[in-house]
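Since chain S is already given, all that's left is putting chain W on it; use the hints.
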Amino acid sequence: MDNSIAIKLMNISKVYTIHHEKPTLVEKFIKGKEEHFTALHNINLTIKEGERVGIIGPNGSGKTTLLKIIASITTPTSGKMITNGKVVSLIDLEAGFHPDLSGYQNIFINGMLLGMSKWEIYKKIKYIIQFADIGQFIDTPLFTYSEGMKLRLGFSIAVHSDPDIVILDENLSTGDLDFQYKSMDRIKKLIKEKNVTVVYVSQNIYFLRMLCKKIIWLHNRKIFKVGDTSLLSKYAQCFN
Amino acid sequence: MQSELKHFWELLWAMTEKELRARYKYTIFGFFWLVANPILQMIVIYFVFSFFMKEPIQNYQYYLFVGLLVWNFFSLSLTKGTPCIVYERSLIKKARFPRAVIPVSIILSNVVHFLLALILFIIPVLFLGTIVPSHIPSIFFGLVLLLTFTSGLTLLTSALNVRFRDVSFFVQALLIIWFYATPIVYSITVIPYKFMWLWRLNPMTSVVQLMQYGFLNAPPPGIGMLSANILTTILIFSLGIMIFRSESKNFDDWL
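Just so you know, the protein sequences line up as chains S and W, in that order.
According to the numbering used here, the residues represented by the first sequence are 21 to 260, in order.
According to the numbering used here, the residues represented by the second sequence are 3 to 257, in order.
Bear in mind the hints are in silico, worked out from the structure with no lab data behind them.
Among the hints, a few may not be true.
[Said to hold, decoys possible] Quick list of in silico lysine to aspartate or glutamate cross-link-like pairs, EDC-like style, CA-CA up to 16 Å:
id : chain 1 : residue 1 : chain 2 : residue 2
1  : W       : LYS27     : W       : ASP255
2  : S       : LYS170    : S       : ASP198
3  : S       : LYS106    : S       : ASP184
4  : S       : LYS106    : S       : ASP159
5  : S       : LYS170    : S       : GLU140
6  : W       : LYS95     : S       : ASP182
7  : W       : LYS27     : S       : ASP159
8  : S       : LYS202    : S       : GLU190
9  : W       : LYS20     : S       : ASP159
10 : S       : LYS233    : S       : GLU69
11 : S       : LYS28     : S       : ASP184
12 : S       : LYS138    : W       : GLU19
13 : S       : LYS106    : W       : GLU19
14 : S       : LYS170    : S       : GLU114
15 : S       : LYS170    : S       : ASP159
16 : S       : LYS234    : S       : GLU71
17 : S       : LYS214    : S       : ASP198
18 : S       : LYS208    : S       : GLU71
19 : S       : LYS138    : W       : GLU6
20 : S       : LYS106    : S       : ASP182
21 : S       : LYS214    : S       : GLU71
22 : S       : LYS106    : S       : GLU69
23 : W       : LYS27     : S       : ASP120
24 : S       : LYS209    : S       : GLU167
25 : S       : LYS138    : W       : ASP254
26 : S       : LYS144    : S       : ASP120
27 : S       : LYS212    : S       : ASP189
28 : W       : LYS95     : S       : GLU114
29 : S       : LYS212    : S       : GLU71
30 : W       : LYS95     : W       : ASP255
31 : S       : LYS214    : S       : ASP184
32 : W       : LYS8      : S       : GLU140
33 : W       : LYS20     : S       : ASP112
34 : S       : LYS143    : S       : ASP182
35 : S       : LYS170    : S       : ASP120
36 : W       : LYS95     : S       : ASP189
Since the structure is predicted, the reported quantities are computational estimates derived from the model, not experimental observations.
If we strip away everything but chain S, and leave its shape as in the complex, we get (with noise of 0.2 Å):
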């Protein structure tokens, strides 16, 4: 296989079944057909290692899906996916944290979840204390932190996990101003050291257009149109 490619989807479809009320086994073997829904429709998709791709789209048009499958949170219903090199999804910073653990104790488990080693979490926990700056908090228990000092402490063990692949959506922008611009620079940082490939989903056209190369612009669950970052400016033509 080709070395310099990151991620191809292949004839990627996604069909979530809906659920209106509250499954059970009785509903399932009493009414037997259940309702479906696709939420991605027959993506080709090829994105090369190192490039920087931005996902736009109105809502309901199946970004986060895309991101939850090229992640492998998700497996697609039906296509082919190939991903070379390690993913690492910065969707939900802090999910998986235990609020009684230590952020020490937490840093461990975040890290192996995200395929650390335990040796390589020993050798960084010094960097990841130091980006994520929660001084002496490091060793009280988690549910004394702020909600700021979790999100550092998040992406600190993501950036640090090594990834080839890095996946960013507009959550990114939940922290404070400060918090936006350090963890925007130590992305690019990522992308100058290691040639990290970065698939971000956002509506946010600024940050786009300062990390993007290429945008891809999902409508009606199907790529609508791939194009450099003048796609930009018609995307927000056509919602404004």
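The following block gives chain W in isolation, referenced to the frame of chain S:
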């Protein structure tokens, strides 16, 4: 492949440690609760049942206690393990990792507690003098059977519970009946032969009997019972792994 396996074990151990640390974090007596519960259960059952028993069981307190330890491990693993994927949905949405570490780490943390309680139990039993050296392997065999059955069943119920949330309620109800369908408070010898097939379907019968045999020299499970129970255990274990594998691909769709 090898490093993937190593990572699985590392992650599993870290999650188990998390379970152990978090459980008794803000309790004063900590681990003590684990032994206190079966002791209280044992005292109550001992008083009630010794009035009704026609043929008394030798060393009934000990007989009850070992059965209760096994049962508490089993029921705690199942009640905590069944809804675990739903409770840990934030982990599922975070990253790609082998989903099985979530239920298996819960079982492992219970194994640690169970073994510690079992070691404490051995001390008085040694003074009782019922342990026959040649029976000791049956204890280990019982433990292997118990672990296989518990993990297989928990993988099965935790995977099904994502789609069908009734499963965890069903398990809770089933456990109440199941307790009396396992020879913990009584001896299997009181069961009429025509109902015996029911106990043959229940792998916990052999597990409990093997432990009672190893520690207290109570009658061991018969060969028919043992083979039927082993067969059921293997079936449940394979089914659990199969269902968990296929369901875990789409856990995210239901959370």
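Restraint status (C-alpha distance of W/LYS27 to S/ASP120 at most 16 Å): It holds: about 8 Å lies between the C-alpha atoms, which stays within 16 Å.
Given hint S/ASP189 paired with S/LYS212 - CA-CA distance at most 16 Å: violated, 20 Å
W/LYS27 paired with W/ASP255 [C-alpha distance capped at 16 Å]: violated, 33 Å
Distance restraint between W/LYS95 and S/GLU114, which requires alpha-carbon spacing of 16 Å or less: Roughly 11 Å separates the two Cα atoms, so the pair holds.
16 Å limit on alpha-carbon distance, applied to hinted pair S/LYS28 and S/ASP184: holds, 14 Å
16 Å limit on alpha-carbon distance, applied to hinted pair S/LYS170 and S/GLU114: holds, 6 Å
Restraint check for S/LYS170 with S/ASP159, where alpha carbons must lie at most 16 Å apart: OK: S/LYS170 and S/ASP159 at ~13 Å, within 16 Å.
Proposed proximity, S/GLU71 with S/LYS214 (alpha carbon, max 16 Å): At roughly 12 Å apart (the allowed maximum being 16 Å), S/GLU71 and S/LYS214 satisfy the hint.
16 Å limit on alpha-carbon distance, applied to hinted pair S/LYS170 and S/ASP198: Holds: S/LYS170 and S/ASP198 sit about 15 Å apart, inside 16 Å.
Agreement of S/LYS138 and W/GLU6 with the hint, judged by alpha carbon distance not exceeding 16 Å: Holds, at about 13 Å.
Distance restraint between S/LYS106 and S/GLU69, which requires alpha-carbon spacing of 16 Å or less: holds, 12 Å
Pair hint S/LYS214 and S/ASP184, alpha-carbon separation not exceeding 16 Å: Distance of about 8 Å is within 16 Å: holds.
Checked against the numbered hints given earlier, the structure breaks hints 1, 4, 5, 6, 13, 17, 24, 25, 26, 27, 33 and satisfies all the rest.
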